[in-house]
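Chain residues, written in single-letter form:
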Amino acid sequence: MKLPPLLAAICLTGAAVSASAADPDLGRNLAATCASCHGTNGKAVPGAGMDALAGMEKEKLLQKLKDFKSGTKPATVMQQISKGYTDEQMDRIAAYFAAQN
Amino acid sequence: MIINRRDFLKASAGAAAMAALYGCASGSSKASGHVLVVGGGYGGATVAKYLRMWSQGNVEVTLVERDAEFISCPISNLVIGGLKTLADITVSYDNLKNKWGVRVIEDEVTGIDAVSRKVKLEKGGELSYDRLVLSPGVDFLWEQLPGLKSAEAQRRILHAWKAGPQTVALRKQLEDMKDGGVYAITIPRAPYRCPPGPYERACLVANYFKTAKPRSKVLILDANEDVQSKKALFMKAWADLYPDILEYRPNNELRDVDVAGRTAILEFDRVKADVLNVIPPQRAGQIAATTGLKLINKRWVDVDWLSMEAIGTPGVHVLGDAIFPAPTMPKSGHMANQHGKLAAAAILNLLAGEEPNPDPVLMNTCYSFVDGKNGIHVASVHQYDTATKTMQPVKGAGGVSAARNELEGKAALGWAQNIWADMLA
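Chains as they are written, first to last, in the numbering used here: chain A, 1 to 101; chain B, 1 to 425.
Since the hints were derived computationally from the structure, they do not count as laboratory data. Be careful, since some hints might not be right.
Claimed, not checked - Result set (BS3-like, lysine-lysine): computed pairs, CA atoms no more than 27 Å apart in a straight line:
no., chain 1, residue 1, chain 2, residue 2
1, A, K43, B, K99
2, B, K178, A, K73
3, B, K84, B, K30
4, B, K395, B, K210
5, B, K395, B, K231
6, B, K298, B, K217
7, B, K30, A, K83
8, A, K43, B, K178
9, B, K389, A, K83
10, B, K410, A, K64
11, A, K43, B, K217
12, B, K410, B, K84
13, B, K272, B, K298
14, A, K66, B, K30
15, B, K217, B, K236
16, A, K83, A, K64
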């Protein structure tokens, strides 16, 4: 299947971010664990109160996750969930969501 | 074939729409074949959608489901408590069919031939597959409760542990009960589907009685020695909100039921109730438990956590409540949804001739209501451990709410909207 140029470019960006991974789908698989609450590919149901992560700037999302993990950003549940992921995994998750539009 | 400009533009627009739907191409797009999914609940619907999405439509998916619509067990206790309707927890399979191209067949699988890779359907005929996914949930061990063996007995003493007609019928029994009556709920030994579910149900029935039938009582008869999930939070809710209504009795295992007398027969005691709600002991759903797959404790399917493939039966993957859980892993809808994605990724790898991801991660969040507004949660994250070849909970991660709060009541409803969309939208 041929992708239109814009999407192809976005996809290349996504691939470049996770180029170091043995499995090119690692970021996708990790981000899918977030989708149960935050929507498929980070596209949360509007008005249901969950943060939409799709298209969020990578550094911004990564910082947010790190702040949950360190406890500097208070939360009801994310302070507990973020501690289950390594920094490297959080980096892949943030990169994946940043590449979604 | 001659392609004119108009057709080419049409095809390009189609490709753009497909790409927008499926997201970016990746290694898994090399996969092709036919995956047959049995059971359209939290596990089955998720694996069906994600296989189509991640393969960009290259893998054919057939879903065999006995019911015409999806009805959610999570949130169904709010229907029993009179705070939601069955329509609120029902979602159509239309998007799976029309948007994602899943072939949905309303039928039941009655047999599996894992060697020739075929299944038999109840309404007649066979279906072949390259890979089979079973997500059948649980079935009940009625033989352990002789009094409840007949269909007539099961119509009178309800479980409502599979959402649907039983949910509505239990609500009706509570509405019909006189003020001053007793609602008793029995809990089987763990593991059972949805560890916090029975305690949440007791809260929401007590919440209903508090205003509508204030002289009535809620009695929890638990086969286990203690509350199985969110213990401190539930016990505080019971003491604060329902001190004169709700009573908890641990170490009270149901041995049988006197249906005519609506009486729970326990080891040392008999308890008569006006509404008796029996959650029977459970095992993997029929199709997974009786087709030769390797079971643990004769109840739950043993799986390879890198692929969710049944140990000893190549090509058959099992998800959700039917499997023998990894340490501290609950039988929850959220977890089944996560199993579905792990399986989808692994199946696409296997169909493409690749090894599955060696480092899978699963996470769980279960919300419970303790009244009409306040929620509590338990969360955990599980990473694959090569030494023990299972998913292990990450130490220091996960946990429960500090205290019940309205924010988490809202989050519970938001969770439901999002996970239903993740499976079915």
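Here is how each hint holds up against the structure:
1. Taking the CA atoms of K43 of chain A and K99 of chain B, the gap is near 16 Å; set against the 27 Å cutoff, the hint holds.
2. Taking the CA atoms of K178 of chain B and K73 of chain A, the gap is near 50 Å; set against the 27 Å cutoff, the hint is violated.
3. The hinted pair formed by K84 of chain B and K30 of chain B fails the criterion: a straight-line CA distance of about 44 Å is larger than 27 Å.
4. Simply put, K395 of chain B and K210 of chain B have alpha-carbon atoms about 40 Å apart, too far for the 27 Å limit, and the pair is violated.
5. About 20 Å separates the Cα atoms of K395 of chain B and K231 of chain B, which keeps this hinted pair within 27 Å; it holds.
6. Straight-line distance between C-alpha atoms of K298 of chain B and K217 of chain B comes to about 37 Å, which puts the hinted pair past the 27 Å bound.
7. A hinted pair counts as satisfied when its Cα atoms are at most 27 Å apart, and K30 of chain B with K83 of chain A does not qualify at roughly 34 Å.
8. Only pairs whose Cα atoms come within 27 Å are accepted, and K43 of chain A paired with K178 of chain B is rejected, the gap being roughly 47 Å.
9. For the hint linking K389 of chain B to K83 of chain A, the alpha-carbon distance of about 22 Å falls within 27 Å, and the restraint holds.
10. With a C-alpha separation of about 22 Å, the suggested pair K410 of chain B and K64 of chain A falls inside the 27 Å cut-off, and the hint holds.
11. Of the pairs offered as hints, the one joining K43 of chain A and K217 of chain B is violated, with about 44 Å between alpha carbons and a cut-off of 27 Å exceeded.
12. Between K410 of chain B and K84 of chain B the alpha-carbon distance is near 14 Å, which keeps this suggested pair within the 27 Å criterion.
13. At most 27 Å may separate the alpha-carbon atoms for a hinted pair to count; K272 of chain B and K298 of chain B exceed this at roughly 32 Å.
14. For the suggested pair K66 of chain A and K30 of chain B, the alpha carbons sit about 35 Å apart, so the restraint of at most 27 Å is broken.
15. Distance check on the hinted pair: K217 of chain B and K236 of chain B sit about 18 Å apart at the alpha-carbon level, within 27 Å; holds.
16. The hinted pair formed by K83 of chain A and K64 of chain A meets the criterion: a straight-line CA distance of about 13 Å does not exceed 27 Å.
The structure is inconsistent with the numbered hints 2, 3, 4, 6, 7, 8, 11, 13, 14, although it conforms to all the rest.
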